[in-house]
Amino acid sequence: MERGRPIITLLTDFGLDGAAAICRGVMLGICPDAQIVDVAHSIRKYAIADGAFILRISLPYMPPGSSHVGVVDPGVGTERRPIGIRTGRGDVLIGPDNGLLLPAADALGGVTETRLLDNRDLWLPSETSSTFHGRDIFSPVAGHLAAGDAPFEEIGTPLAAGELVRLDLPHTRTRRGVLDTAVAYVDSFGNIRTAATPDDLQAAIGALDDGVPLVVEFLAPDGHATHREATQFGRTFGRVARGASLVYVDSDGDVAFADNQGNAAARIGIVTGTPVRISSA
Amino acid sequence: MERGRPIITLLTDFGLDGAAAICRGVMLGICPDAQIVDVAHSIRKYAIADGAFILRISLPYMPPGSSHVGVVDPGVGTERRPIGIRTGRGDVLIGPDNGLLLPAADALGGVTETRLLDNRDLWLPSETSSTFHGRDIFSPVAGHLAAGDAPFEEIGTPLAAGELVRLDLPHTRTRRGVLDTAVAYVDSFGNIRTAATPDDLQAAIGALDDGVPLVVEFLAPDGHATHREATQFGRTFGRVARGASLVYVDSDGDVAFADNQGNAAARIGIVTGTPVRISSA
Amino acid sequence: MERGRPIITLLTDFGLDGAAAICRGVMLGICPDAQIVDVAHSIRKYAIADGAFILRISLPYMPPGSSHVGVVDPGVGTERRPIGIRTGRGDVLIGPDNGLLLPAADALGGVTETRLLDNRDLWLPSETSSTFHGRDIFSPVAGHLAAGDAPFEEIGTPLAAGELVRLDLPHTRTRRGVLDTAVAYVDSFGNIRTAATPDDLQAAIGALDDGVPLVVEFLAPDGHATHREATQFGRTFGRVARGASLVYVDSDGDVAFADNQGNAAARIGIVTGTPVRISSA
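The listed protein sequences derive, respectively, from chains A, B and C. Taking the working numbering, the leading residue of the first sequence gets 166, the next gets one more, and so forth. Taking the working numbering, the leading residue of the second sequence gets 166, the next gets one more, and so forth. Taking the working numbering, the leading residue of the third sequence gets 166, the next gets one more, and so forth.
Note that these hints are calculated values from the structure, not bench results. Don't be surprised by glycine CBs; every beta carbon is placed ideally from N, CA and C. Some hints here could point you the wrong way.
What the hints assert, rightly or not - Selected chain A positions facing chain C (in silico; Cβ < 8 Å):
hint : residue
1    : Gly180
2    : Val191
3    : Pro239
4    : Gly240
5    : Gly242
6    : Gly274
7    : Thr296
8    : His336
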């Protein structure tokens, strides 16, 4: 039975001008059979939480046992550590210890083993730069793992999972008729993904039926609403008129807010992290 | 004789933040040998005609017998149907029944068989979302077809080709000295591709010789010209000075209008669908 | 011993709307086993020097013996020649003779053989367009070379290396305390890469120690400074506060200027080719 080629996925904030290609070249030089899957390279520069969000929702759809490289790394060249994580599903995550990888690890069966990438035999043999660990450390280590010429245990010294840096992700609270959460991600359609689950929303407002009237507010740090609008719950975009807004459960199982065939985030001017309140109307 | 890996192409309006990668992961999970070719993911959001244009000009250059997934799908989750089309050349097209796929099918030898994608055994086994059929239906069906573990006949119930939704594409009319057509697409160089063929242009203005003086007008819905300029026919960009405009036959065999090393569409402010008139000067 | 699939890399200024995919389709039609690596497609339109920069820094990280296609080609359809270059490392470069390929050839062991692409048997069999040589000439020739069904000698008539068009790249001069160079590239982070090497900088200002105070000036063509700021040398971004600037040696071994977690080029308004002076403070 043919197994297919070893898969390495790659997510960065490198943009589209060659740095990601260099990583691909390094991987293929070490593992010529690798099937490289680009997850995204247009993550907002230095936006660790955005990268973590995309890794969390994307990687569960990759074949189990893949290697994943994530590089959103404002601390490159400082004391932040390069790490490798093995997950319950058998995948391996490679990247900086800045919180980028942990939400995805949780979505892949949880962390089973963590190591510091300090085995320099697996790095690129040339002198290591202090600004491009994607090329010099993360890609070659992933290449060796994918090629099967180094087991996970050889990538470096064991670390305790509890030592890893965790992102401070937004919290969600519910009370009668009111859900308080925050914007977890704004996608390329301008759809506003919140940190709340359908259970959270149901706990606040009751049954999630098509057409339930709601009020959505985006809040300033001091808690006053910078934007407030009447909307409704809908199970599909087609439920509302073109350009009208709705609260819905997105394809990743999160509560989201969008304009049907419009760009809600651009209309309202919303960025990741903004507090949002959804209430019964 | 080695046949190469089965090819699946992918065109979407998903942008660059991970949704296309999820589709790739789903395909590779089902067909580990697939060679995935990204056609484009930066199609204007919801612009079915733009997606249809790019599919029509791109897919004929893919190896015959490929599977093609197209997702520009403003009606996702509504009554619009998910479909598969088999073409004369042996390719298969998978996507929404909204007109996106038919121009490409015509360019691949015409529609030979059409089916509704209602065999849920070929869908992603988890619960199907109402907003991401690219992930839940189109990619897994294409993966099963490419892997050869489902023949085309198994994807679902037969449909009559005449039942499919067709786009209302721009018409072209010619009279003595005048060609009336419309903008079919604005490419990333700002070159303005029209819906007219060289035969149309020749019928209007006579022989297409380098340097023939022409007038190009872009028209408002009421027929008055919002922009008018004197230009010339040229067989190559180098025919005119840098920054000067020309009417030419583009690499897809369509009549087009461009600035040599400039961006004509940005200069004039033109979008897809604008009526355009080309006349002898 | 498995050798891996033949690699073809692809760099263009085509953007993201399908033209690069057409090239990929043509290559895979001729060489079904090809592993295509996209280097970049968002090179500034017609910016030959930008494309040459990215090829020079990227291609050395691709496996030796790869085929590389580069298309930034404002002169397509004019007298500029389509060429193939064999390099000391065994790689082949395919593209227009406009200076795009030579810096990369130098980085791959130098030019060992050059040929005009005039063997039409290796071109796409349909009529050749005058605006899309990437599809009609460069991609099919690279496909045949990668497939091994045409040796390099068959791509066309030999050319003397000295006949090739060379870019006029920026010069660097040093005197006591002053380095005069120019902006070679602005990357997607807004980091300003200069044409100077660390040796150049050391010759001007002495030892490159963390914290050495410097002055950076960007100059107008008449030599007066349009922007002047006090900064420092740093070996890592983390050396300076977030938002503060530094002069550093980038991951390609060039002297560069950046804001830590900011976009220096956007802040200052800098484009490729701008003269820059770095002086001891």
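Right, here's what the structure says about each hint:
{"no.": "1", "hint": "Gly180", "verdict": "3 Å, holds"}
{"no.": "2", "hint": "Val191", "verdict": "5 Å, holds"}
{"no.": "3", "hint": "Pro239", "verdict": "5 Å, holds"}
{"no.": "4", "hint": "Gly240", "verdict": "6 Å, holds"}
{"no.": "5", "hint": "Gly242", "verdict": "3 Å, holds"}
{"no.": "6", "hint": "Gly274", "verdict": "30 Å, violated"}
{"no.": "7", "hint": "Thr296", "verdict": "5 Å, holds"}
{"no.": "8", "hint": "His336", "verdict": "26 Å, violated"}
In the structure shown, a violation is registered for the earlier hints numbered 6 and 8, in ascending order.
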